[in-house]
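So the sequences go chain by chain: D and F.
Numbering-wise, the working numbering puts 99 at position 99 of the first sequence, and it's gapless, one number per residue.
Numbering-wise, the working numbering puts 154 at position 154 of the second sequence, and it's gapless, one number per residue.
No wet-lab data here; the hints were simulated from the structure.
Among the clues, some could well be false.
Unchecked claim - Which chain F residues face chain D? A few, computed with CB under 7 angstroms, are given here:
1) Val27
2) Gly319
3) Glu320
4) Val323
5) Arg364
Using N, Cα and C, we set each Cβ at its ideal position, and we do this for glycine too.
Protein chains: 2
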Amino acid sequence: MTRIENLYLLPIAEVAALIRKREVSPVELVKAYLERINAMEPTVKAYITPMPDEALSAAFEAEKAINRGDYLGPLHGIPIGLKDVFDIKGVRTTLGTKGAVDLMPTEDSTAASKLRKAGAIFLGKLNMTELAFGITGENIHYGNTANPWKRGHISGGSSSGSAAATAAGECAAALGTDTGGSVRIPASLCGVVGLIPTFGRVSLRGVFPLSWSMDHVGVITRTVQDCAILLNAISGYDPQDTSSADVEVPDFAANLDQGVQSLRIGLPLAHAWDILDDTVSNRVTRATETLAQMGASLTEVSVPFFSSIADAFSPIARGEAIVSYQDLLKSSASSLDPNVKQRVEMGLTVSTPDYIRAQQARSRLRQEARAVFQQVDLLATPTCIIAAPPYSTEEVKVGGTKMTLLDALGRLTRFANFIGLPAISVPCGFSEGGLPIGLQLIGRPFEEAEVLRAAHAYETSNQWRLHHPSLA
Amino acid sequence: MTRIENLYLLPIAEVAALIRKREVSPVELVKAYLERINAMEPTVKAYITPMPDEALSAAFEAEKAINRGDYLGPLHGIPIGLKDVFDIKGVRTTLGTKGAVDLMPTEDSTAASKLRKAGAIFLGKLNMTELAFGITGENIHYGNTANPWKRGHISGGSSSGSAAATAAGECAAALGTDTGGSVRIPASLCGVVGLIPTFGRVSLRGVFPLSWSMDHVGVITRTVQDCAILLNAISGYDPQDTSSADVEVPDFAANLDQGVQSLRIGLPLAHAWDILDDTVSNRVTRATETLAQMGASLTEVSVPFFSSIADAFSPIARGEAIVSYQDLLKSSASSLDPNVKQRVEMGLTVSTPDYIRAQQARSRLRQEARAVFQQVDLLATPTCIIAAPPYSTEEVKVGGTKMTLLDALGRLTRFANFIGLPAISVPCGFSEGGLPIGLQLIGRPFEEAEVLRAAHAYETSNQWRLHHPSLA
């Protein structure tokens, strides 16, 4: 066996080919990742609970299985990290908090169990915004996750560790969750790929809920192809998850190369792109023009509600968070980050009529979105309207408009959760400060394949994966 | 033209054939109904706002159209009543209440508009339980609707006028609404057919809401075939109704005669039939045995949640009613029936977490119901576990168990609204006191055709429509 440099930076598809040909062994790969984690963690703080022993012993098992010819597929022997909301049997689920939370799962979440069956190896539980209630990457208990591209800048959240670890070579890919942007925002800010499938596509069983009607399991990877590989493994109907949809699951990795010919891409310019940093605007515009050059058609579409759904989004997210965290608020309010506590407690002010009216508004917007998706196949926007700012930024000025950091990061991502649509963030360039910018593509319900195909076409036209973070 | 006796008691299908052959004219038919209304109303109190002038002038229009060969189909010239929650342009919508409500619609509800396009003639707006919040037929403002089978007995509600008028020959059929049984209960108690289609099948636009996530438009007719004819007219996607489902609409009247061969009918005996009046039990059992003799298979199924959904049903119904009636509670609380007011105000005690947890329970039960409907095609139960009691009954003793009248009437109907399933009540016999008993058949989402087919097979095996109420 030849020793390959920087094994821990290879996309899954490439390293899987090496494993399959037995040119790389899962043990060698896991060791490379464990070394990498040791080297990077003092800076990046992506892990809450590393699982080196379990990972190594799983790697030996995988190696044995592969050596005797029992190759399970492209995730066999691949080291994955999981945001610390996914139950793994026998490993504490912290939700990024401390205190009275004492969740010791007796079984795997469905997503973890499916990854295990596909041969994936768990490297550990990843850092996250406390209770998944925030989007910067700040965590007073386990440390602020660093943006691997620039020291002191936010990683984005709440799946902060998932994005930073994937970008920094501390795992080959990661699972995250996304209720308003928590997978796509950190993926965008850390320069990796982040996908949420349609609501109902991937089981939420064993994933601690934030907002039961808007939570999506998501994946963070280095390439779009890797996204498809992970999505293949974790998708499917789960009779134990009430939000699970019993719809056919295509092979997401099979038709990635079909290109974007005849794909209609809608640009909700006036409403979603209204306030943009010049660089973000240039990069994302260039990305959509690239797609047009490859055969897609671009249309400006009117989606007036795109960036104005906050009024209906907030009562739902907040009201449902109270149901999720009611016990926790009682038992360990004193140990919560005061900012997080304040955010959670805002849910107590949501009245039943407020919540119901928000759901009614949601129902109306779902129908309006449906009409938009009769004109176009995908919507394209920036993922975030700014690149990652330094930690402790509270307000930003974008295109002359002052706004909170939360609004700047989350204004274009909530839409997909609100309607339950699949969406991806794929890197499309860098800010002048050298920080990544993401292109968001949003698709129709259960049309992840179309989202992936367009993102893959764009990505492979640019060879983004040749770029690696400066801290890495 | 030969003068036909009791024109006003003929099923739509029969009178439509006569109209088409010009053996009966719409004017003659409307006049027969108007006479009948004049004769019956002092006793029955089925109408809030009769529309004799509009009906007659529409009848002249229909007659002219048919005479010049523009026959629109089986509803052309057919006199229909509408529960007073359906907007008709220029006619006050009262919701069965008085006081500050002053709803003068400037356009037809979608259902009314579709009926009009099919050539139907509106006889008037029908009596109902005030605000649709009750199931007896009591109304302090417009009079208690009488059960046409026995003076002093309840008609059932909230679509009291819809059922009583159809049974008493005061309209050929009626539209009603049903949030927990409000179409099927009065249909069952008045010995007529009552159907609710799948949630989303018929537009709710222009129908004053009670519970936006459980309201169903329904139809009340004298035969199952008439149900199919009405459903054909009012079904279909409505982009102006956010709950509307864009699914194909079959011809419900086309394949009614296919029989029940190979149909699997589930009997949730232990859970839904647990407490039954002996006569109700005998009649409904005999009805399902009739279906079995015609080729259906009967299976006892376990639906443990069938009669125990009240805990989750109530917070949703009550919480959503507050949103519907908030303005009304402010403006005209003093004129409300104190019982109705009290029922509505119970919604004020539903907290946001209560409501959300109820929706989560609903989501679980929807999934469990899905599993039940993999074993069977239809569920069969009594519609109500008792026949119509006298007005002012508050408690009843059924099979040795004391319960409120509300519970006795509504315990088996809420399930369909809770899950959004199509369900029919079809007459299946009489109590010892000579009051009608109903068989309820519940189907899979968007399988109204199967529900109608089974109900039609049963009905035509028994010639129920030869029976007419004693008051009539």
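Quiz item: Does the interface hint hold: is glutamate 320 (chain F) within less than 7 angstroms of chain D, judged Cβ to Cβ?
Solution: Where the cut-off is 7 angstroms and the nearest Cβ of chain D is about 6 angstroms from glutamate 320 (chain F), the hint holds.
Quiz item: Hint check: is the beta carbon of glycine 319 (chain F) less than 7 angstroms from a beta carbon of chain D?
Solution: 5 angstroms, holds
Quiz item: Holds or violated: is the Cβ of valine 27 (chain F) closer than 7 angstroms to a Cβ in chain D?
Solution: 42 angstroms, violated
Self-check item: Status of the arginine 364 (chain F) interface restraint (C-beta, 7 angstroms, chain D)
Solution: Because about 5 angstroms separates arginine 364 (chain F) from the closest Cβ in chain D, which is inside the 7 angstroms limit, the hint holds.
Exercise. For the hint on valine 323 (chain F), just tell me whether its beta-carbon gets within less than 7 angstroms of chain D.
Key: 5 angstroms, holds
Hint compliance for this structure: hint 1 alone is broken.
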